[in-house]
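S.K.: Listed here are the chains, written in short residue letters.
Protein chains: 2
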Amino acid sequence: MSTDATVLIVGSVAFDTLHMPSGSFAKVLGGSATFASLAASFFCRPRLVGVVGKDYPKSAIDMLTSRGVDLAGLEVAEGDTFHWEGRYSDDLTGRTTLCTDLNVFATFHPKIPSQFRDTPFVLLGNIDPALQIEVLDQLDRPKLVVADTMNFWIRGTRAKLLELLRRIDVLVINEEEARELAGLRNIVQVARSLVSMGPQTIVIKQGEYGALLFERDEKSPGSLSIFSAPAYPVDEVIDPTGAGDTFVGAMLGFLAQRGRVDSAALRQGVIYGSTVASYCVEGIGVRRLCEITRAQIDDRFHTFHKLAHFEG
Amino acid sequence: MSTDATVLIVGSVAFDTLHMPSGSFAKVLGGSATFASLAASFFCRPRLVGVVGKDYPKSAIDMLTSRGVDLAGLEVAEGDTFHWEGRYSDDLTGRTTLCTDLNVFATFHPKIPSQFRDTPFVLLGNIDPALQIEVLDQLDRPKLVVADTMNFWIRGTRAKLLELLRRIDVLVINEEEARELAGLRNIVQVARSLVSMGPQTIVIKQGEYGALLFERDEKSPGSLSIFSAPAYPVDEVIDPTGAGDTFVGAMLGFLAQRGRVDSAALRQGVIYGSTVASYCVEGIGVRRLCEITRAQIDDRFHTFHKLAHFEG
Numbered sequence: 001m002s003t004d005a006t007v008l009i010v011g012s013v014a015f016d017t018l019h020m021p022s023g024s025f026a027k028v029l030g031g032s033a034t035f036a037s038l039a040a041s042f043f044c045r046p047r048l049v050g051v052v053g054k055d056y057p058k059s060a061i062d063m064l065t066s067r068g069v070d071l072a073g074l075e076v077a078e079g080d081t082f083h084w085e086g087r088y089s090d091d092l093t094g095r096t097t098l099c100t101d102l103n104v105f106a107t108f109h110p111k112i113p114s115q116f117r118d119t120p121f122v123l124l125g126n127i128d129p130a131l132q133i134e135v136l137d138q139l140d141r142p143k144l145v146v147a148d149t150m151n152f153w154i155r156g157t158r159a160k161l162l163e164l165l166r167r168i169d170v171l172v173i174n175e176e177e178a179r180e181l182a183g184l185r186n187i188v189q190v191a192r193s194l195v196s197m198g199p200q201t202i203v204i205k206q207g208e209y210g211a212l213l214f215e216r217d218e219k220s221p222g223s224l225s226i227f228s229a230p231a232y233p234v235d236e237v238i239d240p241t242g243a244g245d246t247f248v249g250a251m252l253g254f255l256a257q258r259g260r261v262d263s264a265a266l267r268q269g270v271i272y273g274s275t276v277a278s279y280c281v282e283g284i285g286v287r288r289l290c291e292i293t294r295a296q297i298d299d300r301f302h303t304f305h306k307l308a309h310f311e312g
Numbered sequence: 001m002s003t004d005a006t007v008l009i010v011g012s013v014a015f016d017t018l019h020m021p022s023g024s025f026a027k028v029l030g031g032s033a034t035f036a037s038l039a040a041s042f043f044c045r046p047r048l049v050g051v052v053g054k055d056y057p058k059s060a061i062d063m064l065t066s067r068g069v070d071l072a073g074l075e076v077a078e079g080d081t082f083h084w085e086g087r088y089s090d091d092l093t094g095r096t097t098l099c100t101d102l103n104v105f106a107t108f109h110p111k112i113p114s115q116f117r118d119t120p121f122v123l124l125g126n127i128d129p130a131l132q133i134e135v136l137d138q139l140d141r142p143k144l145v146v147a148d149t150m151n152f153w154i155r156g157t158r159a160k161l162l163e164l165l166r167r168i169d170v171l172v173i174n175e176e177e178a179r180e181l182a183g184l185r186n187i188v189q190v191a192r193s194l195v196s197m198g199p200q201t202i203v204i205k206q207g208e209y210g211a212l213l214f215e216r217d218e219k220s221p222g223s224l225s226i227f228s229a230p231a232y233p234v235d236e237v238i239d240p241t242g243a244g245d246t247f248v249g250a251m252l253g254f255l256a257q258r259g260r261v262d263s264a265a266l267r268q269g270v271i272y273g274s275t276v277a278s279y280c281v282e283g284i285g286v287r288r289l290c291e292i293t294r295a296q297i298d299d300r301f302h303t304f305h306k307l308a309h310f311e312g
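Listed in order, the protein sequences are those of chains A and B.
1 is the number of the first residue of the first sequence in the numbering used here; add one for each residue after it.
1 is the number of the first residue of the second sequence in the numbering used here; add one for each residue after it.
Keep in mind that the hints are not guaranteed to be accurate.
In silico BS3-like links for lysine-lysine, alpha-carbon gap of 30 Å or less [said to hold, decoys possible]:
#1 B/306 <-> A/143
#2 B/111 <-> B/143
#3 A/306 <-> B/111
Cβ-Cβ distance ranges computed for the label pairs, FRET-style [what the hints assert, rightly or not]:
#4 A/87 <-> B/143: 47 to 53 Å
#5 B/141 <-> A/299: 39 to 45 Å
#6 A/306 <-> B/222: 16 to 22 Å
#7 A/220 <-> B/95: 33 to 39 Å
#8 A/220 <-> B/143: 50 to 56 Å
#9 A/198 <-> B/86: 38 to 44 Å
#10 B/296 <-> A/197: 56 to 62 Å
#11 B/151 <-> A/139: 52 to 58 Å
#12 A/200 <-> B/117: 55 to 61 Å
#13 B/222 <-> A/262: 40 to 46 Å
In short, the hints are calculated from the structure, not lab data.
Virtual Cβ for every residue (Gly too), placed ideally from N, Cα, C.
Model the full assembly from the supplied sequences, consistent with the hints where possible.
M.R.: Structural data, given as structure tokens:
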């Protein structure tokens, strides 16, 4: 693999306690950087930047290392690892936070190891936009910067978020959060508004309905090229936690491996993201991501092709 | 056009009074059979079966006739035409019924003119399943029977609806109503359950998220072949009334014109349905359906192809 085939992933590393219709699961591995790094590891060598506490187990370090995740940027701080506890509704479409212990994450400031500063592909996971900007300030001209965000930051730190948007290439965001950020309902109008805030490319995640990719059309100013990616019809969803992080991790990992970021590669990246995310939800936490192979991913990628095909 | 290129459409013919964010519109033409017949008219010669009152204007009769709709099955009864009045929410995603005057529709029993009895393609619009069965009892072995239904019949006349399902080929149904009929949440499980009730093919309408087509896979018993159709990203939705009826009318009209009902044709039919429906929502009532041409429909059909394309 060339140096180009690396991605830098900044985000949370956490324990999740999950109360699911299928049972309760205490302190399973979670966090946006964990899901995204495992997803990216099928395509390239991810470099993780995050923080854990002294309680973070060696078995988890070993598991991530064995998947090729470079942990030189994983700080081990005094205290406990970030812990989230939540309960999902019976149909898994809603969830309630029971408890958020930020622990070592409360005072986290990402420090990018010097050997990571030239990483060409960068994922700014869903954390405080001020921290996402701190990361950018430590990097040497990355080729592609992708950021995720959520309603908490849209409401709480909008000015910082807008500052961030002017400095990234791709914004990946949930549909409802995209609407909130733009203050509009119609999804085409939402995308047009988000593109005007800075990013060239917007990926709107629609959960069980797939994703929409909007790209600024350089040939026709003011207009957008649109790709509609289907969702893989998963027979039985077990745990949706981390599906969005898995999506963006796989998408960026694929782009790094591909080494090109044109429209064709972006479309394939979105489908690879959906593919790996569709595996993620089939098990609790990161379990399925630890079981599957690249061959299984490629198989399901081709199923997506059949799923969306019609004679034009 | 051969006799094969005809569709029989049974449903409501109505006046709609619409209170939209863009204004109020009194007694515009509506009803499931109106939307479906106009949509089908781009592809073949629709035969409409329904009832109107003495107040139904000659201008509406002339408009439908000019579009090639055969009105030999349109009964004109003593009394007034079915009238529905409703108010849409500001974002057009919800609507409240203010008034339903069934009028002549209250005692309607579809009478199929003898020259219509051998129509090969049949659409049983969203009316009482008992009436849908009465229609089937008057027909000579149609090639393809498509039916639509809604929560009102799922809750109120379930036994009759189940009897109908055993006699049709394709069920077209909204996502939420499909879940209610099957008593399940996961959409793959829902489709499997609906197929077990009779129809070979299930089309699940997902509104702004497109549609899913499930076909019983004859080669692999118990399994389903799935097609995910994107929605056309409409820039500004004006009025969603009749979009579902337009979808199914265009789909069936296309199949009748195509003269074949294999998997490839069904997929194209779903995309043609989505295409014509995407025009429908761009204006109040049937206005856009009266303006567009087959060439515009074909143009947008090809845009759908670009929208869903990725390199496999």
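S.K.: Is residue 306 of chain B close enough to residue 143 of chain A, meaning Cα to Cα at most 30 Å?
M.R.: 27 Å, holds
S.K.: Is the gap between the beta carbons of residue 141 of chain B and residue 299 of chain A within 39 to 45 Å?
M.R.: 42 Å, holds
S.K.: Quickly compare the C-alpha distance for residue 306 of chain A and residue 111 of chain B to 30 Å and report which way the hint goes.
M.R.: 42 Å, violated
S.K.: Confirm or reject the claim that residue 200 of chain A and residue 117 of chain B have a C-beta distance inside 55 to 61 Å.
M.R.: 59 Å, holds
S.K.: Confirm or reject the claim that residue 306 of chain A and residue 222 of chain B have a C-beta distance inside 16 to 22 Å.
M.R.: 18 Å, holds
S.K.: I want to verify a distance hint. Is the separation of the beta carbons of residue 87 of chain A and residue 143 of chain B within 47 to 53 Å?
M.R.: At roughly 51 Å between Cβ atoms, residue 143 of chain B and residue 87 of chain A fall inside 47 to 53 Å, so the hint holds.
S.K.: Per the hint of 38 to 44 Å, is the separation of the Cβ atoms of residue 198 of chain A and residue 86 of chain B within bounds?
M.R.: Hint holds: Cβ distance 41 Å, inside 38 to 44 Å.
S.K.: Does the Cβ distance between residue 220 of chain A and residue 95 of chain B fall inside 33 to 39 Å?
M.R.: Between residue 220 of chain A and residue 95 of chain B, where Cβ atoms are some 36 Å apart, the hint holds.
S.K.: Quick one, are residue 111 of chain B and residue 143 of chain B close enough, alpha carbons at most 30 Å?
M.R.: 20 Å, holds
S.K.: Falls inside 40 to 46 Å, the C-beta gap from residue 222 of chain B to residue 262 of chain A?
M.R.: Holds, at about 41 Å.
S.K.: Is 56 to 62 Å respected by the C-beta to C-beta distance linking residue 296 of chain B and residue 197 of chain A?
M.R.: Given a distance of about 33 Å, which is not inside 56 to 62 Å, the answer is violated.
S.K.: Would you say the C-beta atoms of residue 151 of chain B and residue 139 of chain A sit inside 52 to 58 Å of each other?
M.R.: Holds: the Cβ-Cβ distance is about 53 Å, inside 52 to 58 Å.
Consistency note: the structure conflicts with the earlier hints numbered 3, 8 and 10.
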